[in-house]
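Protein sequences appear in the order of chains E and U.
Under our numbering, the first residue of the first sequence is numbered 1, with each subsequent residue one higher.
Under our numbering, the first residue of the second sequence is numbered 1, with each subsequent residue one higher.
Straight-line alpha carbon distances no greater than 20 Å define the calculated DMTMM-like cross-link-like pairs of lysine to aspartate or glutamate that follow:
id, chain 1, residue 1, chain 2, residue 2
1, E, Lys81, U, Asp342
2, U, Lys195, U, Asp153
3, U, Lys236, U, Glu177
4, U, Lys222, U, Glu284
5, E, Lys114, U, Asp342
6, E, Lys218, E, Asp24
Because the hints were derived from the structure by calculation, they are not lab data.
Quick caveat, the model's predicted, so the values are computed rather than measured.
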Amino acid sequence: MASIQVRDLSKVYQRDSQRIPVLDGLTLDIPDGDFVALMGPSGSGKTTLLNLIGGIDTPTSGQLLVGGTDIARLSGPALAKWRSRNIGYIFQLYNLVPVLTAHQNVELPLLLVKMSGRERRQRARTALEIVGLGDRLDHFPRQLSGGQEQRVAIARAVVSDPELLLADEPTGDLDRASGGEILDLLERLNREFHKTVVMVTHDPHAAERAHRVFQLDKGVLSQ
Amino acid sequence: MLTALLPLAVIVLVPLLLWGLAKLSDRLQQRLTLSPVMLVFVNLSRNKLRTLLTTLSVAVALFLFSALGGVLDTISDSIRIGSETRIITRNAIALVFPLPLSYLERLRTVPGVRAVSWSNWFGGRDPVNPRNFFPQFAVDAGTFFPMYANDLDIVQATPAAGTAPPGVDPKLTAFLEDRTACVVGEDLLRKQGWKLGQTIRLNGTIYPGSWAFTIRAVYRPKSKSFYGESMYFDWKYLYENSQRRAGVGVYYLSLDDPGRAADIARQVDVLFENSSAATHTESEQAFQAGFISYYGNLPFVIRIIGLAVVFAILLVAANTMAMAVRERTAEVAVLKTLGFSDGTVFRIVLAEGALITLGGGLLGALLAKLLIDTSGFNAGGLLPPMRVHWSTVMTAVAAAGVVGAASGLLPAWQASRMRIVDALRRVE
Ligand SMILES: Nc1ncnc2c1ncn2[C@@H]1O[C@H](COP(=O)(O)OP(=O)(O)O)[C@@H](O)[C@H]1O
Ligand SMILES: [Mg+2]
Chain E
1 MASIQVRDLS
11 KVYQRDSQRI
21 PVLDGLTLDI
31 PDGDFVALMG
41 PSGSGKTTLL
51 NLIGGIDTPT
61 SGQLLVGGTD
71 IARLSGPALA
81 KWRSRNIGYI
91 FQLYNLVPVL
101 TAHQNVELPL
111 LLVKMSGRER
121 RQRARTALEI
131 VGLGDRLDHF
141 PRQLSGGQEQ
151 RVAIARAVVS
161 DPELLLADEP
171 TGDLDRASGG
181 EILDLLERLN
191 REFHKTVVMV
201 THDPHAAERA
211 HRVFQLDKGV
221 LSQ
Chain U
1 MLTALLPLAV
11 IVLVPLLLWG
21 LAKLSDRLQQ
31 RLTLSPVMLV
41 FVNLSRNKLR
51 TLLTTLSVAV
61 ALFLFSALGG
71 VLDTISDSIR
81 IGSETRIITR
91 NAIALVFPLP
101 LSYLERLRTV
111 PGVRAVSWSN
121 WFGGRDPVNP
131 RNFFPQFAVD
141 AGTFFPMYAN
151 DLDIVQATPA
161 AGTAPPGVDP
171 KLTAFLEDRT
181 ACVVGEDLLR
191 KQGWKLGQTI
201 RLNGTIYPGS
211 WAFTIRAVYR
221 PKSKSFYGES
231 MYFDWKYLYE
241 NSQRRAGVGV
251 YYLSLDDPGR
261 AADIARQVDV
271 LFENSSAATH
281 TESEQAFQAG
291 FISYYGNLPF
301 VIRIIGLAVV
311 FAILLVAANT
321 MAMAVRERTA
331 EVAVLKTLGF
341 SDGTVFRIVL
351 AEGALITLGG
361 GLLGALLAKL
371 LIDTSGFNAG
381 GLLPPMRVHW
391 STVMTAVAAA
401 GVVGAASGLL
411 PAWQASRMRI
421 VDALRRVE
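All chains, please: the whole structure from these sequences, using the hints.
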């Protein structure tokens with residue numbers, strides 16, 4: 001169950017004495033298994049919304065039910081634990097650990113799960129095979145192309161089998177061909193593995209892959 | 001030669017070794033199993049040059065720390081009265097105050113004392129170059145040289161007219177026949193460019209006047225603990241030419257049973273407790289160690305320097321850790337996004353700081369132990385051959401580890417407190 005229910009969600013950043021309202025009474029429903037694209041001009045709050053849904057930021061007010069859990073009520077450690085089980089996060093700049101091999105990068109989230117080293121290695125290998133990098137296990141990030149790095153990042157996001165994938169401009173730093181491969185992969189994860197996908201993007205071509213597209217502007221959402 | 005080459009070899013080899021390890025580390029790492037501990041290790045391989053330089057600076061600092069500790073160890077070794085064939089009695093107040101010559105007979109009657117000799121510090125100065133310093137001792141020639149027969153060899157001597165008294169090296173005959181004669185160390189003779197039979201002049205600083213000495217014999221130390229650049233002359237010359245002002249600087253007591261040294265030393269001091277000059281009796285090495293630290297409290301100064309060194313590592317390591325964590329901001333955010341707890345992030349950074357200084361500390365401390373123990377350095381015979389105790393090595397390594405962890409405290413705390421959204425934004 002990875003449905004997302006956002007009710008009257010607001011986020012205000014406080015910088016020094018300045019209040020920066022970013023999201024203003026947002027309401028949104030994303031059913032289980034959906035593939036949603038989130039578009040909008042720069043600074044409109046797309047990343048903020050994604051971070052709130054992913055539990056790496058906390059809302060100022062409103063309700064946030066993800067997979068039935070009211071994550072606005074979870075505290076730091078509980079939230080961290082919840083993230084490790086329910087969320088796969090994909091960043092624009094991949095954010096792999098440069099001193100770990102592809103295989104080790106993918107194993108990383110599994111350190112938080114009780115599992116034998118052997119099983120961990122096997123699962124990481126499987127995840128890399130799914131993203132088509134079964135032959136690059138021992139490569140370091142610097143030995144991979146951008147598209148390959150992003151595929152490793154996707155393997156890392158899915159290795160602990162979360163139901164919800166959050167991608168913040170996953171193709172923003174890639175050429176069209178590699179970007180296309182990433183989108184194919186996300187589509188496949190949605191279709192074959194029933195992952196719910198929420199993807200922030202600037203690219204209309206990318207947004208076409210989604211079932212639904214939301215526009216965010218000045219903190220207000222429209223479909 | 002070997003003692004000069006060894007440090008050189010180590011200085012060249014260690015960076016080469018570390019460089020080799022750095023080259024190997026990719027291969028090595030591909031084989032390692034991912035774990036938090038491995039994460040700490042691979043973090044060190046990110047900026048290999050920086051890790052190398054930090055490790056080396058910590059190593060140098062800890063080398064210094066251990067070497068200083070070794071000086072303290074050596075002094076403390078020498079101060080213990082262990083098994084001694086000879087002990088030394090001096091004025092209890094300070095070395096500069098003499099003892100009466102009348103103590104001689106009383107010392108000879110102490111049970112267990114086989115022979116007694118004495119000497120006094122002359123303190124003469126080269127009239128041409130006052131900086132040209134070497135120690136000169138007025139000794140009771142008839143008793144001193146027999147007592148130290150096992151410590152020095154007479155290797156050159158001028159021809160003599162008569163024969164030596166019984167128990168005295170025949171090569172010292174010419175020396176004993178001439179009141180103004182002196183015996184000098186072979187090394188001293190060479191350094192000063194003197195010749196056997198030459199007359200040299202010294203200005204007295206304690207006993208005024210210009211003093212003439214004729215070199216009648218040359219000695220060579222037989223043991224490392226005997227100083228090879230001293231000059232000895234007859235105490236009677238000093239006594240007579242100083243208007244009988246000269247007293248006894250120290251008495252040397254040779255013992256029948258080395259095992260009773262501590263016991264006899266105590267008896268001697270009790271004997272003179274209520275006399276005009278109380279005595280302090282100690283081992284030769286303790287006496288020499290006291291001599292070294294005579295001006296200023298040497299051990300205290302050494303401890304202060306040691307603390308300064310530890311503080312220096314703290315700064316070096318803290319700087320490294322601060323840089324290491326700052327440039328890894330996004331990664332810390334990723335770890336947290338994946339669900340790693342603040343506590344785990346804190347421990348990883350802390351362990352990294354401790355590891356980097358532990359490595360350097362181990363290297364420096366072991367190097368100090370190796371080089372100093374094998375150097376046989378003995379401060380020109382003033383100390384027993386220098387040694388670094390294992391306890392000092394361990395203290396140094398522990399200090400390095402603690403300091404390293406401390407250096408990581410602030411960066412670790414910052415990393416653990418870092419909010420994911422802020423950390424991610426900073427790199428965008
Ligand atoms: N951690 C933060 N602290 C202060 N202001 C923030 C923070 N994160 C985002 N903002 C502000 O919120 C607004 C929306 O940011 P963001 O969600 O990153 O937009 P988008 O991803 O749509 O470009 C921006 O004006 C930004 O300056
Ligand atoms: Mg954004």
